[in-house]
Amino acid sequence: MKTKIYISTLFIPVAAAVFFVLTPVSVFAATYYIAPSPTGSDANSGTSLAPFATFSKAFSVMAGGDTLIIKDGTYNQSLKNPPSGTAQGYTIVKAENLFNPIIDGEGLTDPALYIQNGRHHIQIEGIYFKGANISGKTEVATIGEDLKCCDQGQTTDGASYINLFRNIFQGRNLAETNVYSKVLGVAVSNNITLEENISFGKANKYHFFAYKSSNITMRRNFARWDAVNTSTQGAGHPSASFIFYDTGNSIMENNVAVDGVHTSDTTTAAFYLAGHYIGGNNNQFLGNIALNNKANSAFEIDPGANFRSDGAPINWNNQTLTNNVAWLSNDDPSTSAQDGLGVGINIGQSGTGGPYIDNVTVSHNTVGKNTKNRGISIHHNPTNTIFKNNLILFNSIVANCSDSILNINTSVLFGNISTTAGTGCTINMNGNLSADPGLMYLNRIETGSSAKGTADDGGDIGANLLKQYENGVLTGTDLWPFPNENVIKKVACTDTGETRGFCAAESLTKYIWEYLGNPIPPEIYATTLPSDTTPPNPPTGLMIQ
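When we follow the numbering used here, the leftmost residue of the sequence shown carries the number 1, and every step to the right adds one.
Don't take each hint at face value.
Claimed, not checked - DSS-like mimics (lysine-lysine), calculated; alpha carbons at most 27 Å apart, straight line:
| id | residue 1 | residue 2 |
| --- | --- | --- |
| 1 | Lys510 | Lys467 |
| 2 | Lys510 | Lys71 |
| 3 | Lys452 | Lys489 |
| 4 | Lys130 | Lys94 |
| 5 | Lys467 | Lys452 |
| 6 | Lys489 | Lys94 |
| 7 | Lys452 | Lys130 |
| 8 | Lys130 | Lys71 |
| 9 | Lys489 | Lys510 |
| 10 | Lys490 | Lys94 |
| 11 | Lys80 | Lys57 |
Derived by calculation from the structure, the hints in this document are not laboratory data.
Could you build all of it, start to finish, from the sequences and the hints given here?
What follows is the structure, given as structure tokens:
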């Protein structure tokens with residue numbers, strides 16, 4: 001119910017009365033509630049004590065800018081198309097208690113979360129979305145169009161100004177037959193923010209996915225790729241934990257992809273920039289971590305095509321990879337099909353005739369132990385590609401390239417088995433260091449390291465990933481402990497019975513910080529450890545004189 005404020009002018013002086021007459025009536029947004037049956041009923045009024053039972057009922061009553069609070073419990077219905085809000089007042093759908101409401105996609109026709117074309121200014125927060133265990137379900141959540149909406153060059157008006165904050169998305173489909181399967185997909189949309197969400201489970205193609213979109217922000221999300229249907233993934237189709245596909249003017253910052261199992265194709269990556277149809281300029285990858293993923297690459301920029309079907313060139317200009325960790329991108333020893341996997345950072349295009357990739361900057365990254373193949377790779381001569389101030393450690397090969405000139409400047413190269421050049425390739429090394437950097441942590445350079453303060457900009461060589469990025473700006477806010485890590489451990493490990501990777505560690509934060517065998521710095525958890533209020537034991541063996 002709307003709450004309106006009316007002001008009487010009966011005893012107000014004339015001048016003041018004129019002011020109030022000319023001032024619009026104030027209208028405040030309403031708040032409604034929903035609960036599972038039998039507590040919830042669509043015959044109720046939608047209050048906390050008399051909540052609705054279905055989203056369709058709640059959304060039919062709500063106006064733009066209203067709030068719907070979801071009470072704890074399981075809902076076997078799609079959260080579909082809340083009313084659009086405005087820039088001054090988003091429509092909000094949120095959990096009464098974070099992560100306790102569960103939207104179960106089992107048996108549903110639509111995805112568990114579905115915000116279709118034309119919807120705008122909507123915020124979804126604190127909800128646990130589960131995919132279905134039945135064949136034919138291609139996603140857990142869809143924002144805008146479905147992936148298969150648009151052919152080459154074709155676009156439609158999708159959703160806009162949608163915020164997904166602190167939600168869980170679980171891929172559960174074990175019989176998927178659709179090669180486009182994804183967990184969370186955004187297509188043909190703009191100004192979408194995905195922040196502090198958790199995605200794990202099975203996905204044939206993508207966990208966090210943006211297609212033919214712009215101004216997409218993926219920030220402080222967690223992804224673990226648990227399994228893939230190798231018979232249906234589709235050779236040559238890019239797949240990734242985080243991907244911008246034909247998407248531009250977008251940013252990935254402080255996301256974590258760990259322990260992924262992409263074992264069906266060589267076009268896989270933890271973080272991917274790809275496309276075949278319209279291209280995408282001006283993307284940033286800042287402060288992300290790709291750790292222990294069985295994939296072709298930890299980070300990959302590879303359009304996959306140079307021209308659209310109508311002959312127009314596809315361009316990928318002004319891409320930035322800064323302050324990321326690309327560690328242990330590795331092959332699957334159980335199959336020889338994975339022999340080409342294991343690249344830290346891979347940049348190139350599928351064929352000659354460019355340049356179609358121009359002005360890529362790769363700086364202050366830590367790239368290491370990509371032992372099957374190489375630390376970095378470049379192919380088919382993208383122009384103005386800058387590799388500098390990177391740590392490149394313990395790889396089988398420092399770098400490889402084809403039909404390109406690769407310049408590696410002001411970096412630390414240590415512990416790599418070999419440095420090599422491919423066919424039609426020249427590798428130039430300028431101002432690099434070879435001293436052991438004494439790396440103790442994947443995401444921090446210690447005092448006394450050869451990488452400390454030796455970058456050409458006066459900073460450290462390699463990644464210092466300690467603070468949060470916000471819209472491309474490094475803030476003073478601590479990144480660690482990683483947001484919602486207790487919830488991540490519970491849903492992705494305890495509840496599923498998974499024990500590999502970070503599940504065997506005390507926490508995600510300790511897994512990352514202690515990966516190189518050194519104890520986590522005590523200050524990382526200093527703000528969350530309880531204060532010691534236990535009095536000490538009385539001293540013994542003392543004499544009073």
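Checked hints:
no.: 1; hint: Lys510 <-> Lys467; in the structure: 16 Å, holds
no.: 2; hint: Lys510 <-> Lys71; in the structure: 33 Å, violated
no.: 3; hint: Lys452 <-> Lys489; in the structure: 33 Å, violated
no.: 4; hint: Lys130 <-> Lys94; in the structure: 16 Å, holds
no.: 5; hint: Lys467 <-> Lys452; in the structure: 18 Å, holds
no.: 6; hint: Lys489 <-> Lys94; in the structure: 22 Å, holds
no.: 7; hint: Lys452 <-> Lys130; in the structure: 45 Å, violated
no.: 8; hint: Lys130 <-> Lys71; in the structure: 17 Å, holds
no.: 9; hint: Lys489 <-> Lys510; in the structure: 12 Å, holds
no.: 10; hint: Lys490 <-> Lys94; in the structure: 21 Å, holds
no.: 11; hint: Lys80 <-> Lys57; in the structure: 11 Å, holds
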